[in-house]
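Asker: Each chain is listed here by its residues.
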Amino acid sequence: MKKTIYILILLISSLSTAQNTALFDEGNASYNEGDFQEAITRYEDVLNTGVHSSELYFNLANAYYKLNRVAPSIYYYEKAQQLAPNDKDIQNNLSFANNMTIDAIESIPEIGFSKLFKSVTNKFSFDIWAVLAVVSVLLFVSFFLSYYFSYSTNKKRFLFLSSITSLCLMVLTLAFAFQKFSYDQKDNPAIVFAQESDIKVEPNLRSETAFELHEGTKVQIIENYKNNWTKIKLTDGKTGWIATQDIKAL
Amino acid sequence: MKSIKYIIIFIIALTTSSVFAQEEVVFEAKVSKKKLGINERLRIDFVMNKDGDNFSPPSFENFTIVGGPSQAINNSWINGVKSFSKTYSYFLAPKKRGKFSISQSTIEIEGETYKTLPVVIQVTAAVDKPKDPNDPNYIASQNVHLVAEVSNANPYLNEAITVVYKLYISPNTGIDPWRVLDNPRYNNFWSLNIDMKEYKLINTTFKGEDYRYVILRKTVLYPQKTGKLVIEPLTLDVKVQVPTNRRNFFGERQMSIVNRTVAAGNRTIQVKPLPEEGKPLDFTGAVGDFNFKVTTNKSELKATEALEAKIGVSGKGNLKLFKLPKLTLPSSLEVYEPEHNEKVSTNLSGMQGNISDSYTIVPSFQGNYPIPSVSFSYFDLKTKSYKTIVSKELIVNVTDGPVNGALTANKDEDKGNNKHSVEMSSSQFAAFKTRTNLVTIETRDFFKSKMFWSFLLLPFLAIPIAIFVRRKKDQRDGDVVGNRIRKANKLARKYLGEAKKALGQKESFYNALERALHNYLKSKLSIVTIEFSKEKIQELLKEKAVNIATAVAFNELLESCELARYTPLSDVEMQQDYDKAARVISALDKQIR
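Sequence lines, in order, name chains A and B.
Under my numbering, the first residue of the first sequence carries the number 23, and numbering increases by one thereafter.
Under my numbering, the first residue of the second sequence carries the number 38, and numbering increases by one thereafter.
Among the hints, a few may not be true.
Partial selection, computed: residues in chain B whose CB lies under 7 Å from chain A [what the hints assert, rightly or not]:
(1) 249
(2) 253
(3) 401
(4) 402
Cβ-to-Cβ under 7 Å is the rule here; a few derived chain A residues that face chain B [stated by the list, open to error]:
(5) 50
(6) 77
(7) 80
(8) 81
(9) 115
(10) 148
(11) 156
(12) 166
(13) 267
By construction, these hints were calculated from the structure, which means they are not laboratory data.
Backbone N, C-alpha and C define an ideal beta-carbon position, used for all residues, glycine too.
The following block holds chain A by itself, in its conformation from the complex (with noise of 0.2 Å):
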């Protein structure tokens, strides 16, 4: 019975990748001809079945772009490179997507420890480096397990220290784990899609207008108001509040 249920799920999942892929293909063909609209439309079906991939956004985010669309095309590029961030195409169209911005935001760069914590901290996933940390406690118990059963006073000493060193590296490792996790609790990055939008001093119509932002602007969000208000932060270190419905969270 269970066997069965196994391989009926199996085959529909297969079936129903399948279908997906034959909608992705479906807009290839479309954008390949230069019928972006219709593609876009394909490829939105194949994110509605609940599957993504890199690719997938990367194309999306071509044929938004092909239709001069600003906003869009920036958001699913950002999509796109948040699953494959060391993809140069990607890179490559963003920055032609970028192009059409009409903001520019300086950003303050990092230095010394501090960037190479940050570039260190975000060279795997929370994931990745949980993973990481569950080895390294494995390495450590078996390291010092072997060390207590063993005689020999060479091999006692080099598996002491190995069992060390691997209860080092567990605790690293773990804690770059935390780092990068809250890492990402702190990045919600957003796109604004309103053409344009004034950013206010205050969540709510009459205050000050601090500054203007433009379409395709990618902010960060900080918090909410209300829903109808979400204050935003620029890169440049600039915050406000922005109506909530002008932006769309990555």
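With chain A fixed as given, assemble chain B onto it according to the hints.
Answerer: Okay, now just chain B, sitting in the frame of chain A:
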């Protein structure tokens, strides 16, 4: 009018007198004016057309008699018709302000008493200058007027209005060239004077009288403030030719020239604010009727070439008075300060023409650049509502050049090599990806999950468990007697398990026991299959240097197994044999190495 009346009366008098042969007697009082300032004087004439006697003047209360009475008799013969008039004249000065009536005067003509009608005179406050009707200045002031005509006294803010300055001149006076004394400053207005190239005299009526006017100047004004605004008067110095009573040799009237300062009075204009309702956010004050366009001179170009984008407004309205909307461009484009162009002509209906801002744009990277739509709002005076024109979004395609942010492609070519090396140009927009591996969006994080914590912490538990197990083992190794027992039990469990199960059933028990003993020896001595005779076993045991007692016990056991098939045995004996077997096996185990 008055003169016309007099003329008519005179004509009637003439005709009647001729027709009815002096039958009609006229006796009347004539005043030079019915309304005068308290500092002015009044002349009253009592005129009769037949000589009479016993003239008695009225009492002239409220007036003082300044001069008179003076008598004048006028006899004339014209075309055989005799006319006669006799006049008694008084010059009066009023004593106080108010309305007074000069009562009747009487005269006896041919035995009959005639009376004049009472005359009502209004005495007002003192006037600046007692108007002397013969003063040329007074005449000039009465006959030359400067009027400012405002096209709309209640305009909207920034709606064009015109002020036309007209100089009215009565037909019997003339003017010589004028000089402008004071040009009005139009505070709170944007103004433009349209000077007239030639002056035309146009006949018209002014305050019910025949007049001629000349347009001196036209001014277009755009109010810049709401509320009551005052237009300052224009002041002119005009040389006025005034007719005098003197006549020249040919009987023409001589004119005297008088310098006269005329001013158009202050005009107040009530400026309405533009309605707040429906005012677009991007409204910058444009009022009129406009057309709005955003254009570029190229839609495709190479990087570092220049492109011109133009924002232009054309039409009618306050073109010079509002700001053009700004073009917002992608930050990656280099944009220079816009150049402002104005081609505006102003006529009476206001400004018309076009204004534009030209932006010079130099893209430095390739790609598609949108020039976002720009909206322009203005207030339409015809419909009295705001209108917004939104330009279309334009796309500029920059075809050649580096990519922003990407590494510049290495374009060095090996010149010695004739073969054209195929290089991947990284400065192109990458095409779509053909293959993909779709995964579900829903992901479960491993980090901080229960599995993660158990994987992380459970291995640590292995350490104390291992240590505990090790300790236990050491303890057991130290305990010799216990070990032996444990070993024997272990062996017994291994070989005598079947026998133990069959304990109580004589036949099967002993069969099992025998088989167990044989099996034990077989495995211990690594014998495959040999016949197990008792002698053979003894021999083998001896070879292995087994204790004689043990060997004997082993033998006894085998014997009792054989015996048991023929003799009845109790459970107790069975148990004894089982224990013995266990002991023997354990002893053998120790002795056979």
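Asker: What hints, given by number in increasing order, does this structure fail?
Answerer: 1, 2, 3, 13
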